[in-house]
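Asker: Chains A and B, in that order, are what the protein sequence lines are.
According to my numbering, the first sequence holds residues 3 to 275 in order.
According to my numbering, the second sequence holds residues 92 to 438 in order.
Treat the hints as calculated values from the structure; they're not laboratory data.
Take these hints with a grain of salt, some might be off.
As the list claims (entries may be wrong) - Calculated pairs, BS3-like style, for lysine-lysine (alpha carbon to alpha carbon, straight line, at most 30 Å): (1) Lys313/B / Lys303/B; (2) Lys185/B / Lys196/B; (3) Lys313/B / Lys196/B; (4) Lys270/A / Lys313/B; (5) Lys121/A / Lys137/A; (6) Lys270/A / Lys303/B.
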Amino acid sequence: MTAEGVQPPAPAAQESGGRLAIADLEVRFGARRVVSMADLRLDHAEIIGLAGESGSGKSMTTLAILGLAHTVGATVTGSITLDGLELVGLGSDRLRAIRGRRIAAIFQSPSTAFSPVYKVGSVFVRALRLHGAGKSEAEDRAAEAMRQVLLSPDLMRRYPSQLSGGQLQRVAIAVAVALRAEILLADEATSALDVTVQAEVLDLLRGLRESIGMSILFISHDLAVVAELCDRVAVMRSGVIVEQGLTGEVLSAPADAYTIELLASVPKLAGAP
Amino acid sequence: MTAESEVPVASATAGESEIAVTGEASTAPPLLAITDLTVQFGPVLAVNGVSLDVPAGPFGLGLVGESGSGKSTIGRAILRLVRAAGGTITFDSKDVGSLHGAALKAYRRDAQIVFQDPDNSLDPRMRIGATITEALRAHDIVPREGAATRVGELLTEAGLEPAFAERYPHQLSGGQRQRVAIARAMSVQPRLLVLDEPTSALDVRTQAHILKLIDRLRAERKLSYLLITHNLGVVSELCEQTAVLYLGKIAEIGRTDLLLSRPAHPYTQALRSAVPEVDVAGRRSRIVLPGDPPDAASPPAGCVFHPRCPLAIDRCRTEVPQLREAAPGRRVSCHRAEEVLAGTVSQ
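Isolated chain B, as found in the complex (with noise of 0.2 Å):
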């Protein structure tokens, strides 16, 4: 599923590699296009200034970060379930902020949301079918005739007999209930998956079958994906590219693969550090961020990372970071980040 393997990490020409599977070098432009996209809840900066391409499927891009890092609020505001602020959200080169009626209508089919606990989504009272249906007719998929096979195929396709159609959401284990509420969404034929935490509640094999589903979905459906997690595992398994967000900024991103082995952000190094992993003896050694990520609504000045990183400079605590390219197809934002990369310095 992953690169890995044709790309020596290491190797002098990994940088190369990098453009290629961004989709920067191609010259189509891109499904979803986030340009300096901020986000305000009161005096909150929930997102600050993010921007993010998303090319035409097949493609699998990440989203992670800590809790209050603004991951689910660009999700949310993708969906213009929150509103934004400022910046410009693009699908297919047409301004999301701006659209309403018929367009505004295709777009709620085109682009879709799955939560990380499906029981918030599910109605209890309406039977799996029925659930599916609603979607299906709502957007004039397919004539009420045809609505049950329809869903019997929706369900099939996710993994499910047909015959949990009759059932209620209680009725069903929480990866069954994921599966559900990933029919639902495909029922549609979006063209925008956005996947919010989508394994976060479920038991270890569970994830494994959902993220087996969504690969496959991805393949079949050349289906693009935004998945949001804190799993950096997940991402390994499932994007092709990953952005790395701390206090509602982009601190990194890049080809998954290449940034989690080599992260060029200090925030990267230490949240890869800090992931447990089965294989004990392989560890690297983990990095202790020292205090707790700051308050929201009172970011420090420069770098909003500096008061925490164990590299921090003078220039860290006055000039705020631009998100550059450090390395070919990796963009980063801090200062030294070429040092890091270069192993000059080390945490």
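Isolated chain A, as found in the complex (with noise of 0.2 Å):
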């Protein structure tokens, strides 16, 4: 009954790519900056944890690494490479290739990725065939992820509302796996969770690096939950990484100021060690 139970059944290896390098991007509203990353690297199978707080510029990150941060009136300046492909200014035709299929992204609210008037199944279908499967190769395809992300096939069949937050926001996880997204990009997605969930999408998320080798950055507010599930983090604040380094050793020796007022801010729990 521990958390080692739950594990996706083994799929396909996945061959070693899904490297992600970031250097020198810069992302601007006009005159002002929002994000200026010297340096942020996601190496195979990796998980790091991208730490800040609103306003700190992880999620215009992420809608840059996406090749979206034009879509809310930034402009991206710097390097976003994928295996060694450069991103920034790549045509829309190729980025809306690589977008989903090779990186896909899940956010704190599944249901926005979802159509309410359209069954689960169905939207998860489409996002297959946009990215090149047949009709019955689709529906296969979806079946599978679906019980990889320990969900019964059928669910498929019911609407967005039918299902809970927790159980949505795992189809959401399953379309990147039947895409087989190198990467997954998570923008706070255990923040709207309940606590149990929560840790059972953790669970997930780690089965996933294990058996497919996805890597992922992993976006949180929340400083215990980059804890338990990144290998590495970088604490980022008004746009800049302030500090990265392993998850352990910047936790427990935080060299920043910011840091170390983060960790001072954790709600400290009764019966902790």
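Taking the hints as your guide, dock the two standalone chains into a single complex.
Answerer: Structure, rendered in structure tokens:
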């Protein structure tokens, strides 16, 4: 009955891709610079936490990686490479083939990823077909991915409102799995979930890293969740990474005053060691 | 803030100390007494026979539970924002359900509520000063001429500059707006505050500041509050006593520090074990609950937790466990609570 019990069935091994390298990234709204990231690297099958409060630029970083920053009026300069391929300035057709397919994203509120008037399965299958799968192949892969995230494929016949928040977030992850995404951007993906459900989703993410070598950029304001999940952590403030390193080292011996303050703000739990 | 350092958790006398803080040992009647409260929404029993006491302040009672546990509904029922289907709520020994006229108005002053999202409780077209003045004037707390001064004092008490009175809600940050919501609630000098997820929408540093503010008000104003939250860290910091709710019922209630360090209900154990902690090395192993919470419209027979409980035995499937004292000052609705506390069964 411990966490080890939850492991998705082993799927086909994925190649060792999923390396993301960010260098000298700047995101601006006109003259206002909201992100200035000198260096952040995500290795194959690695989970990196991007920690910070609202306004720290972590969600704008997500949009920049997805090539969507311009949709909110921001401009992006610098370099974001996926296995050596430069994404900044890439044409929209090529970006569309990468976004969702190779780099998937899940957000705080999974219901926004599903249209309320379509059954979950229809959104799911359409995502696969947009990326080139035939109809029956798409249905098979969707069902298989649902099982991989420990959900019954029957849930695909339901509407989003008939699923719990935790189930819906799992379906969103299943879409990424079915598309064989190499990189998952998880932007406050467990922040709205109940604590027991959050723990299950964290198990699932860990399992996907083990089983299919998924690389995960886990964006969160919650240092405790980052501590549980992430190999490394980068702490962001006002668009700048103030500190990064191995999670255990940064959180047990923070060097930056802001990290120290964030850690001190986490409510102390009775019965904690 | 907690008594953790004073009472070694594993000590044999810990049980005795549990009583002192609960207020049960004192003969004074509780400020708020909820007895067998039931709230029904259509076929769903959102609150199913809950009894809770809140002593006169300073005192914090935490209500924790996950979505659908009924914790917010209890808070709303106290304020008469939802109608109780059964049971009684008394404040100062007076039945809240039958209050009307001047007595009801007095109660609406004595008991205040602060919600998670201040955006929904502050009128976007009113300046902060006007919002607070409205509360002051509605209850005739100060004469019209004195209102502005009092507003300034209340804002200062809540950690804001008096000049904020001239601003509109959209000109404030989320944390500042929540301070305003607290200042307005405190403006009518309530004796009971219902705080419904007051910091859940805030960043962690802002949350820490708001928690400090609540703690200070508790001491300075001798306030009693019911703090509704899903965050066990928040009740650890602010509540002497905590009730854990599952599917509209109390699973367990007792002194916060002891309840969290030595849970007696298997659900509390699982909940506690699922909380992420910065200090990963010292974590206890996590208990994974199978399945999802059951449909509240058709709760399972016997113990409502039994379909997900790793410790369930035949008795749990048929017999509803009553909330009973399993250790001094600790009441638990689990047939196996004594075994859990003694450590003779574990998940």
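Asker: Next, verify each hint and record whether it holds.
Answerer: Comparing the hints with the structure gives:
1. Lys313/B / Lys303/B: The given pair, whose Cα atoms are some 15 Å apart, holds under the 30 Å limit.
2. Lys185/B / Lys196/B: Holds. Lys185/B to Lys196/B sits at ~13 Å (cutoff 30 Å).
3. Lys313/B / Lys196/B: It holds: about 21 Å lies between the C-alpha atoms, which stays within 30 Å.
4. Lys270/A / Lys313/B: Satisfied, since the Cα-Cα distance of roughly 23 Å is no more than 30 Å.
5. Lys121/A / Lys137/A: Satisfied, since the Cα-Cα distance of roughly 16 Å is no more than 30 Å.
6. Lys270/A / Lys303/B: Given pair Lys270/A, Lys303/B holds - Cα atoms ~13 Å apart, limit 30 Å.
In summary, the structure agrees with every hint in the numbered list given earlier.
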